[in-house]
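Protein chains in written order, with numbering that gives the first Met the number 0: chain S, 0 to 264; chain W, 0 to 182.
Calculated from the structure, these hints are not laboratory results. Bear in mind the structure is a predicted one, so any value in this text is a computation, not a measurement. In this text, a Cβ means the ideal position worked out from N, Cα and C, and glycines have one as well. Please note that the accuracy of each hint is not assured.
[As the list claims (entries may be wrong)] Taking lysine-lysine pairs in the DSBU-like style, the calculated list, with each CA pair at most 30 Å apart, reads: (1) S:Lys256 to S:Lys55; (2) S:Lys83 to W:Lys132; (3) W:Lys172 to S:Lys28.
[To be verified] Simulated coverage check for chain W against chain S, where a stretch passes if three residues somewhere in it have a Cβ under 8 Å from a Cβ of chain S: (4) 42 to 55; (5) 65 to 72; (6) 133 to 145; (7) 149 to 155; (8) 159 to 171.
[Said to hold, decoys possible] A few chain W positions that, by computed beta-carbon distances, are all more than 10 Å from chain S: (9) Phe9; (10) Tyr11; (11) Arg16; (12) Ser17; (13) Ser31; (14) Thr34; (15) Asp37; (16) Gly76; (17) Gln80; (18) Gln83; (19) Asn84; (20) Ala116; (21) Glu118; (22) Lys119; (23) Leu122; (24) Asn123.
Chain by chain, the residues:
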Amino acid sequence: MSPLTSSTTSKVYLDTCVLVSASVHGSYKDLDIELEHQFYAKTVPLFEIIRKNVDKRVGIITFTIETQAIAVIANAVASELEEKAENITDPDLRAKLFESHTVFFDQCLAHLQENLSILQREPISQTEKDRWYPEVSTMYNNLQHIAERLDVNQLINANVTRRYRNTIRHEILEQYQKRYKQLLKLKSEPVEESDKIILCEAISLLHIYQQTISPHIRMYLASTDYHFSPSNSEGEITKQIKRRFQIICDWPDQIAKCLKSDGFA
Amino acid sequence: MIHLGIKSVFNYITGMRSDLNRMEAESFVDSSFTTKIDTLDLELTKMKDYWVNQKEVAVGSAFIFYSAMHNAKLVLGKMKQRFQNVDKTGDNPTIACDSLLVLPIISEVYQKTVQAAEEKQRLNPFLPNATLKLISTLRTTAKLVSLLPALNEEVNAIDKKQLKKTAVELDKKFVASNLLNDI
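So that you can see chain S by itself, here it is in the shape it has in the complex (with noise of 0.2 Å):
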């Protein structure tokens, strides 16, 4: 990729996932606890290239993902709560418990809301978003239908003789399994309705920044999804969303680095 500048050139579209990651973590440092989300750290150098670029609006976000984020904390927070109080009938227990899970709540709503105001909320109308669905929809269930087909077993041998293939077989399927780990999560998790919607937004994003900053801009879907980013080595999703709609689909530290590589203090 060729070194663009900063001022004009890259937009990071920020996938629900990537939000909550960032915002869920807390210190009580009186208690001695140090808690985070297991991704948290992959969004800590993302976030700090957009907080220093903030002028320059890299960062952006829609209506639809600041919902889901908010949502999505709270359901982890909540079902954890559920599971505890399933059983507890005493009432001074329950109110512990609630009060507990509420801090905790508090504390990742107050990242939630830092990390929203360094962002940029972009609106949307439903007709572009619209208008980018059936080619979305159509790509993931080629996909889909790929990764259905898919044999791993069959795929050794047709391509490695029969001499060689009980010897190497755990070896070259372990290559197979990293090569198409893509397609074998699609096949046991396929795509979801909110995921597609995610990308239709991020391909009508790209096309307003075309019109209205520069055609040559480059956009980013940071995500710690596989039905977008790439798991482990460089998947077949990843290529088909690049290839079709131009977007460029990572985890968020890797993300950090194209930024940098695109000027980005």
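Knowing the structure of chain S, use the given hints to seat chain W on it.
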């Protein structure tokens, strides 16, 4: 302390807003307003306790309405503190103007929570998310006008042993699961 019925709470908040408007117009803050804050706080406490022990609604939804009351009480607590210290801090009439910004949101949060309490098993499925948005709006507005206590103030007020236990359990959850699957 006066006990209000649910319907009277809305009238009471309207009355409080009139008082604040007067204070703002006269540039004079009446510190006895704290008594009215206490009365409203008591009503919110009752509603907060109601959601802790509510069994007809899923705990997940009850938690959201509980949390709404908790946050409204946090803001009222900070409001009271500023009214009490108005002579020392010269927070006059700023505290009246700031309170006027958050009281309508508190009223709306309370209205949603009352609606949920009335609907119970027939709970409108959009109500928990609408309440979450309101909690977020309340916190953002309150923070802008210095009516949201710092997180450590909130933590200091609760049972540390239970908080530690909850934090450890939540940490396990956040490390182990994909939260998006829980929505």
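Open item on the list: Using Cβ atoms and 10 Å as the threshold, tell me whether W:Asn123 really stays out of contact range of chain S.
Closed with: holds, 15 Å
Task: Nearest-CB test (10 Å) between chain S and W:Arg16 - done: holds, 25 Å
Open item on the list: Run the distance test for W:Lys172 versus S:Lys28: straight-line Cα separation, threshold 30 Å.
Closed with: holds, 20 Å
TODO: Verify that the Cβ of W:Ala116 lies farther than 10 Å from every Cβ atom of chain S, and report whether the claim holds or is violated.
DONE: For W:Ala116, whose nearest Cβ neighbour in chain S is about 15 Å away, the distance exceeds 10 Å, so it holds.
Task: Beyond 10 Å from every chain S Cβ - status for W:Ser17 - done: Label holds. Min Cβ-Cβ 31 Å, cutoff 10 Å.
Open item on the list: Over 10 Å from every CB of chain S: does W:Gln83 meet that, or does the non-interface label fail?
Closed with: At roughly 23 Å from the nearest Cβ of chain S, W:Gln83 sits farther out than 10 Å, so the non-interface label holds.
Task: 8 Å C-beta test of the stretch 149 to 155 of chain W against chain S, three or more residues - done: Per the Cβ count (3), the hint holds.
- [ ] Just double-check W:Glu118 for me: nearest Cβ-Cβ distance to chain S has to come out over 10 Å.
- [x] holds, 18 Å
TODO: Mind verifying the non-interface call on W:Gln80? Its CB should be farther than 10 Å from each CB in chain S.
DONE: Consistent with the label, W:Gln80 stays out of reach of chain S, its closest Cβ about 18 Å off (over 10 Å).
TODO: Between the stretch 159 to 171 of chain W and chain S, see if three or more residues pass the 8 Å beta-carbon test, and mark the coverage as holds or violated.
DONE: holds (count 11)
Open item on the list: If I take the minimum Cβ distance from W:Thr34 to any residue of chain S, is it greater than 10 Å?
Closed with: holds, 26 Å
TODO: Go check the stretch 133 to 145 of chain W versus chain S for me, would you? Three or more residues, Cβ under 8 Å, otherwise it fails.
DONE: Satisfied; 5 residues make the cut.
Consistency with the previously given hints is maintained throughout, with no hint failing.
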